[in-house]
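Participant: So you can see what is in the structure, the chains are spelled out below.
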Amino acid sequence: MTIEAFIGQALSGISVGMVLFLIAAGLSIIFGTLKVLNLAHGTIYMVGGFLCYILTSKLAHIPGAFWWALLFAPIAVALIGGVIEVLLLRRIYSQEMLYQYILTFALILILGDTCKFFFGVGYQTVSVPWPVNGNIALWGLSFPTYNLFLIGCGIVVFLGLSALMRYTSLGSIVRAVTHNRETANALGINVPRVYTGVFMLGSYLAGLAGTLMPPMSVVALGSDMAVIIECFIIVVIGGLGSLPGAFLGAIILGLLNAFGIYIIPKLALAFPFMLMIVILIIRPWGLLGKPE
Amino acid sequence: MLLEVKKINTFYDLSHILFNVSLEIDKGETVCLLGRNGVGKTTIFRSIMGLTPPRSGSIRLYGDEIKGKKPYEIARLGVGLVPEDREIFPDLTVRENLEIAGKKGRKEKQTEDWTIEKVHRLFPILRDRNNQWGGTLSGGEQQMLTIARTLMGNPTLLLLDEPSEGLAPMITKTIEEQILLLKKEGLTILLSEQNSSFALRVSDRAYILEKGHILWQGKTSELREKPEIMMTYLGV
Ligand SMILES: Nc1ncnc2c1ncn2[C@@H]1O[C@H](COP(=O)(O)OP(=O)(O)O)[C@@H](O)[C@H]1O
Ligand SMILES: [Mg+2]
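Line by line, the protein sequences are chains Z and U. Quick note on the working numbering: the first sequence kicks off at 1 and runs consecutively. Quick note on the working numbering: the second sequence kicks off at 1 and runs consecutively.
In case anyone wonders, no lab produced these hints; they're calculated from the structure. Just so it is clear, the structure is predicted and the values come from calculations on it, not from any experiment.
Taking beta-carbon pairs under 7 angstroms as the criterion, some of the chain U residues facing chain Z (in silico): (1) 49; (2) 51; (3) 76; (4) 81; (5) 91; (6) 100; (7) 153.
Here a beta-carbon is modelled for each residue, glycine too, at the ideal position from N, C-alpha and C.
Produce the complete structure using the sequences and hints provided.
Facilitator: Structure representation (structure tokens):
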């Protein structure tokens, strides 16, 4: 492998990793605060992808259609998330965990079939938008600009989310509710509203990932299941509830996906699972998580 | 009457814990709930706060029914709970622990608002700990932070669940002085204790509980004069 191919492969792996980070961060924040493992989180990501497709194709006549989609599709996904939380999830917090799984699994089917109804079973594509299309020359080597753009988005969201959680009063409230909702509630914090807000934030991140992914992949049914499994792997590797953990886990998974195929091609698909199992054995709380 | 609890019955799932418990607290009073471990003191606080709402009976604050309201709504009406397990948020700094409990849309205010500065005057140690993580505080500091955090919500009724539990005698003495200061400020206080000497020193009236029933109620002066009452009900 030439050095150019090596770096190119690494950048492409990390850029897919960054998109997965956005999804995993949402999954992790929602789980931390609401204690709900949203199985439909990947499907919410897929809805974002279809919204990106429909917006870019309907707005194709105006310049910068993709950027309008990037602005509005995640917001629309967040609103869908808000409706799901208020109308459905809110009813099952006090019930056994099993109800969460049944309800969020039902959402996979409902949202998936809704996409199928509107968009059919084919693949949809979105072209790489100007000005992040083409290649960029760095140190005399040439790389796809969109990959670097995705990496930039991942880093910005990671830093922004970290700052939000650490330095704002909103972040303090979320940390407090995450630690103990009952105490927070008794201190006058409107916990149901925090739940809705956090679920919308997590959905927004999934929607953002869903909008960013199509230019370098395709929009298709079934992408939700592939993505949710990768997100589970990321949060297990990094540590459930840890934002830096999700970031690190996403980079590791991205690189593993990019290079596994060169090391032992037959095992490429198994590498992430093998790593997850190793982590579960030697450090069950993940690389950057906290032990219980 | 500031708080009027009438014949409440509270359950945890199928276990019936409180049996027709009634109590009344006037504005400015300090009242204590005495009883051994497991008699239902915490459950009374949880019932008032809306964390475990009673199945029957009524709870009135300034004459308005609060049973059935959510805990955050009850908190905003002026009830502040200092929980038995303290429940400091370990991954918030001392200052953030205080801040999240303040600045909420509270309506009528009788007294001067509690601010971080005012809280620091009452608990100077918290000023030194300002930027430390809540999880790093000692037991006594945690107890002060829990009380301070609840005060930040500007309660008119303070519920203190076993404030002296697990504290060294020196620290209990400090907490006692701080409670007396709050009382002087005009705060109405309902506290629970197993350690009756502490409770009797700070309270005006007492209720003695046994297995979810109120067995005795009266002035603390009476309890001090007739230790046989304590002997009969509490075995001390
Ligand atoms: N979450 C719960 N579920 C079931 N039973 C409980 C729960 N919490 C407390 N109890 C029971 O309720 C009774 C009263 O408990 P509590 O109000 O905590 O008493 P106290 O505060 O006086 O020690 C005890 O018998 C206790 O075992
Ligand atoms: Mg108790």
